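Novice: Chain order of the listed sequences is A and B. Residues 1 to 202 (full-length UniProt numbering) make up the first sequence, in order. Residues 1 to 202 (full-length UniProt numbering) make up the second sequence, in order.
Hints listed in this document are in silico derivations from the structure and should not be mistaken for laboratory results. These figures come from a predicted structure and were not determined experimentally. Don't take every hint at face value.
Calculated lysine-lysine pairs in the DSBU-like style (CA-CA distance at most 35 angstroms, straight line) [unchecked claim]: (1) Lys-43(B) - Lys-114(A); (2) Lys-59(B) - Lys-28(A); (3) Lys-124(B) - Lys-116(A); (4) Lys-172(A) - Lys-43(B); (5) Lys-199(A) - Lys-147(A); (6) Lys-41(B) - Lys-114(A); (7) Lys-147(B) - Lys-43(A); (8) Lys-131(A) - Lys-28(B); (9) Lys-118(B) - Lys-124(A); (10) Lys-73(A) - Lys-116(B); (11) Lys-41(B) - Lys-74(A); (12) Lys-118(B) - Lys-74(A); (13) Lys-179(B) - Lys-138(A); (14) Lys-137(B) - Lys-124(A); (15) Lys-41(A) - Lys-172(B); (16) Lys-138(A) - Lys-116(B); (17) Lys-147(B) - Lys-59(A); (18) Lys-73(B) - Lys-116(B); (19) Lys-138(B) - Lys-59(A); (20) Lys-43(B) - Lys-147(A); (21) Lys-73(B) - Lys-138(A); (22) Lys-191(A) - Lys-74(A); (23) Lys-73(A) - Lys-73(B); (24) Lys-147(A) - Lys-59(B); (25) Lys-178(A) - Lys-59(B); (26) Lys-179(A) - Lys-179(B); (27) Lys-109(B) - Lys-138(B); (28) Lys-138(B) - Lys-43(A); (29) Lys-131(B) - Lys-41(A); (30) Lys-43(A) - Lys-178(B); (31) Lys-5(B) - Lys-116(B); (32) Lys-172(B) - Lys-43(A); (33) Lys-74(B) - Lys-137(A); (34) Lys-137(A) - Lys-43(B); (35) Lys-5(B) - Lys-73(A); (36) Lys-43(A) - Lys-183(B).
Chain A side only, calculated, beta carbon under 10 angstroms to chain B, not exhaustive [stated by the list, open to error]: (37) Pro-40; (38) Asn-45; (39) Met-48; (40) Gly-58.
No residue lacks a Cβ here, since even glycine has one placed at the ideal position from N, Cα and C.
There are 2 protein chains.
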Amino acid sequence: MSTYKLTYFNVTGLGEPIRYLLSQSGIKFEDVRVEFDDWPKLKSNMPMGQMPVLELDGKLYHQSKAISRFIAKKGNLYGSNELEAMEIDATVDSIDDLRQALSTYYWEKDPALKEKLKGIAFEKLPFYLDKFEAQVKKNGGYFVNGKLSWADILWTAYCDYLSFVLAGDPNKDHPELKKLVEKVRALPNIKAYIEKRPKTQL
Amino acid sequence: MSTYKLTYFNVTGLGEPIRYLLSQSGIKFEDVRVEFDDWPKLKSNMPMGQMPVLELDGKLYHQSKAISRFIAKKGNLYGSNELEAMEIDATVDSIDDLRQALSTYYWEKDPALKEKLKGIAFEKLPFYLDKFEAQVKKNGGYFVNGKLSWADILWTAYCDYLSFVLAGDPNKDHPELKKLVEKVRALPNIKAYIEKRPKTQL
C-alpha cells in the first residue's frame, strides 16, 4: 500500500485543502507540520523551494493544486466527465485567484504597497463572493452540477484561512456559500479530521 | 461534431497556449480576437469578467489553465497515468507562477510599486529558469517523463509573450529549454498555426 506524507507549515493555508481531501477520500497520511523557525534549513530540499509537498512512495510532489487534483481523482471528487472536470478546475482557479489576492495583501510588509494591494483585494472580494454565491445557487448547493467536488472542499478549507485574514467569516453575507461550507464541514471524514487537527491561529 | 470558439485579445498571453493546444490536437476552432477598445462592452458577458473563454457547443468555459487541461486530455498531452498528470500540473503551475510575477510587474503603472514588483520577478526568474532547465535535462528533453505534454506547450506559448515582457528570449542562457521550445515550435500542427496566426506585438 502506498504511504502518503504531507509536509507543510503548522497552519491551514495551502496545506489544508489537501488535508481535507485526503481525509474525505479515506487516505491515511502522515501530517508533518514544520515550525517556521525550521523552514530555512528545509527550504532547499523542496522541489521549488516551497511547501506543501506530498511524499508518495518515497518521491516528492509539489504545488498544492496539482496535489489536490491528484487526491481528488482518488476520492471521486473531480466530476463525472471532462466537461465537469473543466468546470471544477475553472472554479478552483477562480477561488485561488481570490485567495492569492487576499494573501498577497495580508502578508505585505511595506505599508504603502499593502494599502494598494488591500484596495485590489477588497475590490475583488465582493465580486467573487457574489459570483460564487450565484454559481452555488444555480448548481443545487454545490459549485458544479449539484454534487460534491474538490472545488467545494477547497473553498471550505480556504475559509479556515480566509477567516483569519478577514477577521471574520467570508461567507457571512452569502447564505448559499455558508450552507455549502457547513455541509462540507459536516461530512463525517472531514468532521473527524477537524476535531483531531492541531489548533492553530491561522 | 462539437464547435470550438476561443475568444481572447489579439495578443499571445493567456490565449496562446490554448491556441497551440487546439492546433496540436488537430481541433478546428474559431479564433476570435477582441480589440482592446471593444473589451469594456464585452467584459460583463464573461463568466468572471475575464478572457480567454472557450465556447463549446454554445456553453462558455473560462480560466485559461482549466481550458488548456481539457484540450490537453483530448490531444493526449496529459501523461500516461495520474502520477505523470500530477507532475505535469505541478510544472504548469510553477510556469504560471513565473509568468504571473513577470506580467504583474510589467503592467503595473505606479513607478514605485513597479520597481518593487520588478525586484520580486527578477529574483524569481533565474531560480525558476535554472530549475526548469534541470528538470528538462533530467527528463530527456521534455518537462515530464521524456515525452511531450501540455507543460512543454504552455512554456513554449508563454515564451512568445515573455519574449516581449523581457525584450529578449527567456531561454537564451538555458540550452535545454531553448531546444525544447524549438522542438515544440517545429511540430507540424504548431508550425502551421504559427505561420498563419495574425502578427501581433505581444
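Novice: Holds or violated: the hint that Gly-58(A) contacts chain B, with Cβ atoms closer than 10 angstroms.
Specialist: 12 angstroms, violated
Novice: Could you grab the alpha-carbon distance between Lys-59(B) and Lys-28(A) and see if it respects the 35 angstroms cut-off?
Specialist: The hint is violated at about 39 angstroms.
Novice: So, Met-48(A) near chain B? Judge it on the closest CB pair being under 10 angstroms.
Specialist: Check passed: Cβ of Met-48(A) comes within 6 angstroms of chain B, closer than 10 angstroms.
Novice: Please work out if Lys-5(B) and Lys-116(B) have their alpha carbons no farther apart than 35 angstroms.
Specialist: The hint is violated at about 38 angstroms.
Novice: So if I understand the rule, the pair passes when the alpha-carbon distance is 35 angstroms or less; does Lys-138(B) with Lys-43(A) pass?
Specialist: At roughly 21 angstroms apart (the allowed maximum being 35 angstroms), Lys-43(A) and Lys-138(B) satisfy the hint.
Novice: Between the alpha carbons of Lys-41(B) and Lys-114(A), is the straight-line distance 35 angstroms or under?
Specialist: Answer holds: Lys-41(B) to Lys-114(A) is near 31 angstroms, not above 35 angstroms.
Novice: For the pair supplied as a hint, Lys-118(B) and Lys-124(A), is the alpha-carbon distance within the 35 angstroms limit?
Specialist: Answer holds: Lys-118(B) to Lys-124(A) is near 23 angstroms, not above 35 angstroms.
Novice: Holds or violated: are the alpha carbons of Lys-172(A) and Lys-43(B) at most 35 angstroms from each other?
Specialist: The hint holds at about 28 angstroms.
Novice: Check whether the Cα positions of Lys-147(B) and Lys-43(A) lie no farther apart than 35 angstroms.
Specialist: Holds, at roughly 29 angstroms.
Novice: So if I understand the rule, the pair passes when the alpha-carbon distance is 35 angstroms or less; does Lys-41(A) with Lys-172(B) pass?
Specialist: Measuring from Cα to Cα gives roughly 32 angstroms; hence the hint holds.
Novice: Is Lys-199(A) within 35 angstroms of Lys-147(A), Cα to Cα?
Specialist: 30 angstroms, holds
Novice: With the threshold set at 35 angstroms, check whether the alpha-carbon distance from Lys-109(B) to Lys-138(B) stays at or below it.
Specialist: Distance ~40 angstroms between Lys-109(B) and Lys-138(B) Cα, so the pair is violated.
Checked against the numbered hints above, the structure breaks hints 2, 10, 11, 12, 13, 14, 16, 18, 26, 27, 31, 37, 38 and 40 and satisfies the rest.
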